[in-house]
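Asks: In case you want the letters, here they are:
Protein chains: 2
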Amino acid sequence: MIPHLITSSGDPVLELEQRILEAQPSIERWFRLEWMEHTPPFYSSVDLRNAGFKLAPVDTNLYPGGFNNLSPEMMPLAVQAAMAAIEKICPEAKNLLVIPENHTRNTFYLENVHTLMRIFRQAGLNVRLGSLDETVTEPMHLKLPSGGELVVEPLIRNKLRLGLKDFDPCTILLNNDLSGGIPPILQGLHEQYLLPPLHAGWAVRRKSKHFHAYDDVAKKFAKLIGVDPWMLNPYFAQCGKVNFHERHGEDCLAEAVDSVLAKVRKKYKEYGIQEKPFVIVKADAGTYGMGVMTVRDPSEVKDLNRKTRNKMSVVKEGMEVSEVLIQEGVPSVERLQEAVCEPVVYMMDRYVVGGFYRVHADRGPDENLNAPGMHFVPLAFEEQFNVTHPEAAPGTNGPNRFYMYGVIARLAMVAASYELERTDPETELG
Amino acid sequence: MIPHLITSSGDPVLELEQRILEAQPSIERWFRLEWMEHTPPFYSSVDLRNAGFKLAPVDTNLYPGGFNNLSPEMMPLAVQAAMAAIEKICPEAKNLLVIPENHTRNTFYLENVHTLMRIFRQAGLNVRLGSLDETVTEPMHLKLPSGGELVVEPLIRNKLRLGLKDFDPCTILLNNDLSGGIPPILQGLHEQYLLPPLHAGWAVRRKSKHFHAYDDVAKKFAKLIGVDPWMLNPYFAQCGKVNFHERHGEDCLAEAVDSVLAKVRKKYKEYGIQEKPFVIVKADAGTYGMGVMTVRDPSEVKDLNRKTRNKMSVVKEGMEVSEVLIQEGVPSVERLQEAVCEPVVYMMDRYVVGGFYRVHADRGPDENLNAPGMHFVPLAFEEQFNVTHPEAAPGTNGPNRFYMYGVIARLAMVAASYELERTDPETELG
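First to last, the sequence lines map onto chains A and B.
Here the first sequence stands for residues 473 to 902, where the numbers follow the working numbering.
Here the second sequence stands for residues 473 to 902, where the numbers follow the working numbering.
One or more hints might be untrue.
Given that identical chains are not distinguished, each listed pair holds provided it fits within a single copy or across any two copies.
Keeping only pairs whose Cα atoms sit at most 25 Å apart, straight-line, the calculated BS3-like set for lysine-lysine is [stated by the list, open to error]: (1) Lys615 x Lys738; (2) Lys681 x Lys783; (3) Lys631 x Lys774; (4) Lys566 x Lys692; (5) Lys691 x Lys566.
For the record, the hints were derived by calculation from the structure and aren't laboratory data.
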């Protein structure tokens, strides 16, 4: 199942694939050295866009859902990576408390939580679920479509520690992105490991900080393998004060769109690319694919109709959009049965553990695919990420392609690690 | 492909399987704690014997061959484990020198070396081969049946470092068990990592030291999960001065056989086992399944014919047997198409990366299967080691069985770690 890839053999992405394969030992060493200096996020998923002429991360999720979309063959890798992660953080750990999102009616999400629990159990932890929802005062039993059930329990907080009834965890894993703000119950937990740290949540996190860090990573990495950093990095700009409802900040937005489009146009010219440039406008703190818009001309952001303005104004849990990211759009050339798709890569600790294609039959190659109507196609086993076939011709080999995805996704993970260091409130104070 | 297992539901091995599954989180935590105190061997393979009523390691190899017998699906796990191992030992490493056995005509062995090289390349190292054979003075090109070739190069030693022409490795990995003694060219390499350490080679290593260490491990582990340590540990005894040619030491041998058989008989009685006890007599420093004999009665070791005495006298590379191990025989109840088989489990760093069945159609359940005529059946993907199905009934589920194999094999790896600590000449001097 190698998705159809529209490229001809002179295309830069094939050059990128070839450079990456040739440099495999130095790339892996480079990652080793990065991880000596920086701590990888506990887990992450990265959305990639493959334009044929460039391959770039467009979103890095530090509270990955969708583990249930990985193929069962990925489980052993995920378990092994989880073992490595636990060993480093808290080898004496017996108990892991997972705090999921409050979507107790989204059975896809519940299956994700179930898969995560399974991974950590297999890695040797007692795993239980605690809810941030204050209306959960008794253990709540949630049936799963695959059979079995989840039990979500009320959290119990004392001065220093967070746990459940008869359950004192060493580590607390958030699978809740804190879009609604940082709840007091999670604050001041200095005795326990809280992962990811609170400043990774959308209450604090900004995509622009991530992509600033990614600029640095892409520059270093591109130098290592001898390519133009643009081949793996989308341009972006940001606007700090946008209010779509009140039509504030439209000028800033139009200017930013214009500037990003101009830069992209220049690169397209340099590489002889015939596509029409576009940008993606999205909430700097947004998530779930909400508040995302494709823009091909600066004038478009000045004439937003009420519907679009409403859509852009509100993201998850009612946050008002005010900071906006304007990101170079990377058209997707990947297709599964004619539908546009994009790879999503899952990582745990420093390891790529699996991935799938997000597919959307009703969307164009220049649109956000993370939207109702999407579905997921797990990568088959032969498409594992870490075993390459350097002798195969560029663009012809699934594992080589997936290795390349894994490399670019790990670059985004390195960027997330820089980002979390730079935004760590404790470091800032020190 | 779950091999046929002759057990009925009241059997102790099923109890063992159930105990192991129930205790999975505490078992994994126990391993984590062991690896906090002890360093796992870089790689290892363990031969297991499953008697239905007990499951035990009978041989632990610290220079594993046979990586080519693992199924291709295991590669990603092996690569990930190799990454973890390298990261801990020498994260800045660029170059790995592998020193293989001198069997340049054994194409099975060459395929093993090829697979190992592939694993380490994928993990991000430049890998080259150096030969201990002093007749290798020019790079030697060896064709592989699977296509491709190996290049074995002459070693270059200066005062402090070992390498090849234009190749200065950070780490030297031995895949040569040093049966012929420790070559001077490997001595005094204090600037480079030499793995496994020289005292792991058969020039120094003794099986009896390994099984003494395993006694300690099995006792601790059996207490953890609440079973009789005998269920996972074969009795053994040793004789220090045996010369089969000159018929010295036969009394010691007969006495040891008698004492082990008596202990086994007692256990068989305790558990109502109807089998006839036997022991395996083997060279304490032997390898490759040479010099191995099944004995059912002490009298048998007193009337050895010339052929058997010759067989027992000489093991690999002409070493004379003088120290002998007398190990409780564990009859194998595992069958693949009527042929007797035994699982072999491969580990890298602390992780189980794969395994296969060693199958021998012409051998009985109480015989050594590591002998000409054996063949190997890789474990299929569904038989991965680290993902269990706790809800399945004991004895009915492949993954659960293989998890159990992986646990017992890792116990032998912990024992190897104790053994190498105890026999480390530098610690002894200190």
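Asks: Against the structure shown, which of the earlier numbered hints fail to hold, in ascending order?
Replies: 1, 3
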